[in-house]
Amino acid sequence: MKMPDVFNFRHGVQNKDLNSTKSEKTIKRPNGTERHNLPGHSHNPFAAYSYFPDHLKFINADPEEEIILLLRKHPITNIPWISMAFVMIITPAIVSVLSPFSLLPPGFQIILTLLWYLITTAFVLEKFLSWFFHVNIITDERIIEVDFINLIYREITDANIDQIQDVTVIVGGAARTFFRYGNVVIQTAAEVPKIEFEAIPNPDSVARILRDMRIEEEQEKLEGRVR
Amino acid sequence: MEVFNEFTPTFLVAIKIAIWLFLILYILFAGVVLKQVRVMIETLEVGFERPIRIIAVFHFIISVAVFILALIIL
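Note that the protein sequences, when read in sequence, are chains F and W. If you read the first sequence in numbering that gives the first Met the number 0, its first letter stands for residue 0, the second for the next number, and so on. If you read the second sequence in numbering that gives the first Met the number 0, its first letter stands for residue 0, the second for the next number, and so on.
Since no wrong hints were added, every one of them can be taken at face value.
To give an idea of the interface, some chain W residues facing chain F are shown, with a C-beta separation under 8 Å as derived from the structure:
{"#": "1", "residue": "35"}
{"#": "2", "residue": "36"}
{"#": "3", "residue": "41"}
{"#": "4", "residue": "68"}
Result set (BS3-like, lysine-lysine): computed pairs, CA atoms no more than 27 Å apart in a straight line:
{"#": "5", "chain 1": "W", "residue 1": "34", "chain 2": "F", "residue 2": "56"}
{"#": "6", "chain 1": "F", "residue 1": "72", "chain 2": "F", "residue 2": "27"}
{"#": "7", "chain 1": "F", "residue 1": "56", "chain 2": "F", "residue 2": "27"}
{"#": "8", "chain 1": "W", "residue 1": "34", "chain 2": "F", "residue 2": "126"}
{"#": "9", "chain 1": "F", "residue 1": "72", "chain 2": "W", "residue 2": "34"}
{"#": "10", "chain 1": "F", "residue 1": "126", "chain 2": "F", "residue 2": "72"}
{"#": "11", "chain 1": "F", "residue 1": "27", "chain 2": "F", "residue 2": "220"}
{"#": "12", "chain 1": "F", "residue 1": "193", "chain 2": "F", "residue 2": "220"}
{"#": "13", "chain 1": "F", "residue 1": "72", "chain 2": "F", "residue 2": "56"}
In case anyone wonders, no lab produced these hints; they're calculated from the structure. Virtual Cβ for every residue (Gly too), placed ideally from N, Cα, C.
Please put together the full structure from these sequences, using the hints given.
This is the structure we're talking about:
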C-alpha cells in the first residue's frame, strides 16, 4: 500500500516505493549549497545534531563515503559539570576568609589559589573535550561511534548499515522528554553487538534516518550497486 | 580548644615540596592533554581544531608558568 506523501517526507528524507525507485536514493543527497537549507543542517561546530555536516572528516573514512549525520550528546547534559565548574571557580573566594588558609604566608596563598584554578581548568578541559569529541556519525555505508572516555582512552566502534538488526529509541525522564533527547540503541551483527548513541537530540529522527538507510542499503543490494 | 594561629616552618616546607611535586605532575598532565588533543584532532575534524589546539598549548604554558612562579615565590 502506498502511503500519502505527507507521511513520506520528513527531515529531507524521502521514502519511496522500492520498485519505483530503482536508481533513486532513499535519502535525498543535497547538491552543493542545497545542504545549507536542509532542516537539521548546522554550521555550529558545537551542534549536537547536524544533518549533512559541512567540514566533518574522521579517521579511516572512505573517499566515497558520504556523512549524513553528526551527533553528540545534547548540550543540556553539560549542565552538571558546568555547575560544578562554577562552584569550583567561586570556592577560593569562600575559602580565603577561612582561618587555616588566611594564616598561610601570602606567597602560599597565591600559589595555592593558582593551583586550584589549574585543577578547575583541568576539570573543565577534560569534560569539554570528552563531550566535544564523543560523537556518533552516520554515513551512507556505516555507523561510527567515536568515544574518548577520558583523556588517555579512546574507543572507535563502527558497523555497516546492512549489519544493523534492530534500532531502539529510549527516551525516559522529564528532562529528556522536555528537551527531546534520548538514547538510540543499535543491535548489530558486527563484532560489537551493540552500539549506543547516548543522550542525542531528536532520537526519533535518527531512528528514522537509520531505517531509511537500511532500506537504501537493501535497495542497493538488490540492484547490485553495493560498494 | 587550642587556638590555631600559625604554621610551623617544617609544615610550610612540607607544603612547599608537595606543591612543587603536584605542579610537576600537572605539567606532565598538561603535556598529555596537548598530545591527546592532537590525537583527537587527527581522529575527528569538525572545523574547530585551531581554537582547541591553542587552548591546549596555552594550558601547557600556564602550567609551566605557575611552576616557575612557585619556584620563585615559595
